[in-house]
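Each protein sequence line maps, in turn, to chains C and Z. Reminder that position 55 of the first sequence reads as 55 in the working numbering, one-by-one numbering, no gaps. Reminder that position 499 of the second sequence reads as 1499 in the working numbering, one-by-one numbering, no gaps.
Simulated from the structure, these hints should not be mistaken for lab results. Please note that a few of the clues may not be correct.
[Claimed, not checked] Listed next, the stretches of chain C that the computed footprint assigns to chain Z, with coverage defined by at least 3 CB atoms under 8 Å from CB atoms of chain Z:
| # | segment |
| --- | --- |
| 1 | 19-27 |
| 2 | 47-54 |
| 3 | 61-68 |
Here the structure is a predicted model, which is why all the values come from computation and not from measurement. Every residue gets a Cβ at the ideal spot worked out from N, C-alpha and C, and that includes glycine.
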Amino acid sequence: MTDYKKLYWKKNLTYLAILLSIWFVVSFGAGILLADFLNQFKLAGFPLGFWFAQQGSIYAFVLLIFVYVFLMNRLDKAFDVDEK
Amino acid sequence: MDAQIWTYILVGFTFTLYIGIAAWSRAGSTQEFYVAGGGVHPLLNGMATAADWMSAASFLSMAGMISFMGYSGAQYLMGWTGGYVLLALLLAPYLRKFGKYTVPDFIGERYYSKSARLVALICALFISFTYVVGQMKGVGLTFARFLNVSFETGVLIGIGIVFFYAVLGGMKGITYTQVAQYCVLIFAFTVPAVFISIHMTGNPIPQMGFGAKTADGVYLLEKLNQLSIDLGFAEYTSVKKGNLVNMLFITAALMFGTAGLPHVIVRFFTVPKVKDARISAGWALLFIALLYTTAPAVAAFARTNLINTVSEKPYAEVPQWFTNWENTGLLAFTDKNGDGKIQYLADPNLNELKIDQDIMVLANPEIANLPAWVVALVVAGGLAAALSTAAGLLLVIATSISHDLLKKNLKPNISERGELWAARISIAVAVFAAGIAGMHPPGFVAQVVALAFGLAASSFFPAIILGIFDKRMNREGAISGMIVGIVFTATYIFYFTPQLGGPGTRDGFWFGISPEGIGTLGMIFNFLVSIVVSRVTSPPPVQVQELTENIRFPRGSGEAHDITIH
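Next comes chain Z alone, as it looks inside the complex (with noise of 0.2 Å):
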């Protein structure tokens, strides 16, 4: 059976199995639709937090981002697991004992305001919705390659599944489900890494396998390190020094962005005690780092395999694999010195290779010449990411709109079975929103999902943090904080990202700090504004401050429920 036949059925298969789930879960209060019911096992909310937090990115593009960078590749796997460090420590359990709904709810409640809700509630739907198009373009490319469809009809699709199970089950069915792609992803990823491992080093733990020799007796890093220099390229393993400070803020960019997206958070609204939230962030990350170490073993493999089968390699014998992403324009050849032979150099005007690096996960099993199976269940590993984090960030849409929006600010009468079903037509107009515009991206997705992460940082983490643990922080600190954060990061992004229209240029990076890692900056703006402002404020009401002493402390944490202050 050839690799389309497998890819039908194992995408079939899978698909019906989370429909399947969703039917069987289906919520039927707003509580089973916003938070499952506050009642699913820490170990399963682990999980499901999991594949809600890894996205089409991780799955996809990480392992071949890191293949291209080297050492480097790490501010991505420290910045996008160590925020869970955060979250563990400084947010969950607090957030839990609170007991609301949504990172607006707190806000809202923790800073006695509606104008603080109505901003944080922006911040959330701006975060969430950019990351829903990143994740339905990365549906619709891997079913046009895979399913010989147009990248159109592939988005279109995918908008058909979310579509049914989230509108259909809510929180609860989504947790469900996202156990299931859980499972389906990270047996993806590992399998093929498992037996690329056993090839090239004879080590089944990739983690391992690629600090280890190879067949010729020499350990695989110092090999690849030896091919990157032969080709020109930097040493895989080494640190670039002048990079240093930018590579620092990037990745604790990510570590607070991450602790601060509301898709994230919201995850330990839906166990039913402090303690489980608090456990659910470790099973969480051990789930993640599960793949965020394979990932790397991944990358480091690719590289040397990718090197080892086209470098000075006749044109005319390549491999099926290299003529079919070929077609997708991905990869591309051009003969520059007329030799017949692959010239992959780093040197941009002697190289005849261009490979686009999120082709390098997908590729990876037709490289290494794995069995038509694996490359179907890379496949199907790829569509179960990037529809879980979908449906996660759904959620967080439709809640922010039928629960912040319209339950506390415009329609507070509104009935249970009102309020549920504005969450689902929110969640419907919000799929079919998020669809088109992954049809048409703007060109600078990539670029926006910084912006995301930096926001997140900038606005979200000190104004959660200071609630907790600064008990004089008042409103008025909170807000100027939160606003200076986000229009500094915002701003200092679109000057120096030429894709967003911004005139700057990389010799005007602020102590060389991209774009990407600018949020962390912010944030320290942020932290300072709102602790001096809200020194030379008033302190904020009694009740607020008791309820800020009460979520210290787990006894008593009850479900999520709508009550303010006792």
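Just chain C, same shape as in the assembly (with noise of 0.2 Å):
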């Protein structure tokens, strides 16, 4: 593997390590593990945490996603790896 590629790949991980650590956050985090500290708040009508766990880690999700493939598709073109 070239270094050009070696560094693709690099970056590829980057992104994926940060998205994925968010990933865990906000589901097993804010909806699991911190839920009932994150109780003592509301947001609206719903007690955090129990909005992280129902409705908050889901929205993450899907951002999670588009966001990912938003980084991916500008890094797949600045190392032209792209498909044409």
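Make one complex out of these two single chains by using the hints.
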């Protein structure tokens, strides 16, 4: 693998690490492990931990994928490995 | 017009639509049959994936389960959506670049081994078949309740419909039918939710409505918490502290299981490019999220409505829907203290009302007094959800048999025409087998579905991930990992599930993990074993290492094809 391609792969892995950390924090973190603590705060009529578990985490999942798609399309173009 | 006539009209209309679409988009080649010719637009593919994924369980059972579980129901919401992030980021683009038809295809090529392909094939068949049985049961139940036919006749009608369009259309027909089915099911799920949300909180968006105030100025969830406590139940929104580890493991098992399910993964072979595979997963999750964020709202509304309608009300004055459901045996009242009123309480000795959680979504429009056509719409939606999933699963079964077993193992010289016929015949056989199994379901369908997720998480997920991200991963590592993962998970589930004949009890659970969540631990074992074994055995051949590197870069993806290593 050329250095150029190695750099592409490394950048890809960095994106994955960041996005998957967010994935973990919103679901397993805010939705489960910290839910009890977050429940003392309110978002409209929702206790916050409950909201993350039943609403917020799902919105975050959808956003994460679209952000990933945007980042990767840009990266593919920059490294000229995109599909013609 | 009453609900009965509306049901005939709506169900008849939607079914004509599905069959029309299937006939119009008939598959002519194996490529069209397996992956719809690889030319489906990502947006449509997203809709089809969503319909494929959301089964009778998502549509009919999930809101009901949440309704009775409160906060903890989130394990299903997060578990069945979070897996798509893993799919989009870790699997879909690379598998698309790899360009194969099936998951066993990938495992077989990447691990240069027929036995690996066979292990994967057996897992794929087992997982898909258990799922189909559950769907056929759902179809039978829905028809039985709303068309006033027997359960068996309901299943037979279902067999006929699926048979017709899956056999004719293949993946191409199924994909376009599923697009229509998605539209029907999402409309059917959200319309009653919007009506009820306006009715209870004045907010037309259910996702916001269940966090809003009711007419008397109290937040709906606070009111529901109070009602729950008054009747002796746990607070609806509060966290069950002793259950956190278990909830974590269940959520993870569902997520990783989702990302390892063959009938979901195969959807990403049907789009033209790697780029499309990524965005397809995004669209799919967006469409799924529409239902999955509405479901908890429906759950909270239904729970509040139910308690307000029945609690402490005289039995003589119950509404019509109550009597209707009593006739099915899914709702039952026994006047224990003889006061003629319904006591609905947490204490099993005083509680007089038994409700099957599966009826909540179907009964919800009736409980909320919505017009008859809405009730009929929900029926059509439930059928769309069950049929679309059944069709997708049957296709995986057919592909596994005709492509992985016949073409790749037993009869490599089979002609294109012969393979196509083999696929059609295996679908036909699978539909009937599933129908018969659905008519006489082993009492443990729900438990077997948990097994399917556990197995997908503990077998396929690590094998695929390591196949993509670890160039050093070899045949020995992957096979031993898959076997350890499957054997451990299956043993634990059988041992601790009394319905499957296991002797174990709750007290014996490791770290309090129930069988539903054990796939996560099996997956961790699989990862560990694979990595250790692969490091002490010889590395994979050079061309496999090159192949692994090649799939990391999108350029040159081409169509899904049959050529192995270049």
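The hints, checked one at a time:
1. 19-27: Contact hint for the segment 19-27 of chain C vs chain Z: holds, 4 residues under 8 Å.
2. 47-54: holds (count 6)
3. 61-68: With 6 residues in contact (Cβ-Cβ under 8 Å with chain Z), the coverage given for the segment 61-68 of chain C holds.
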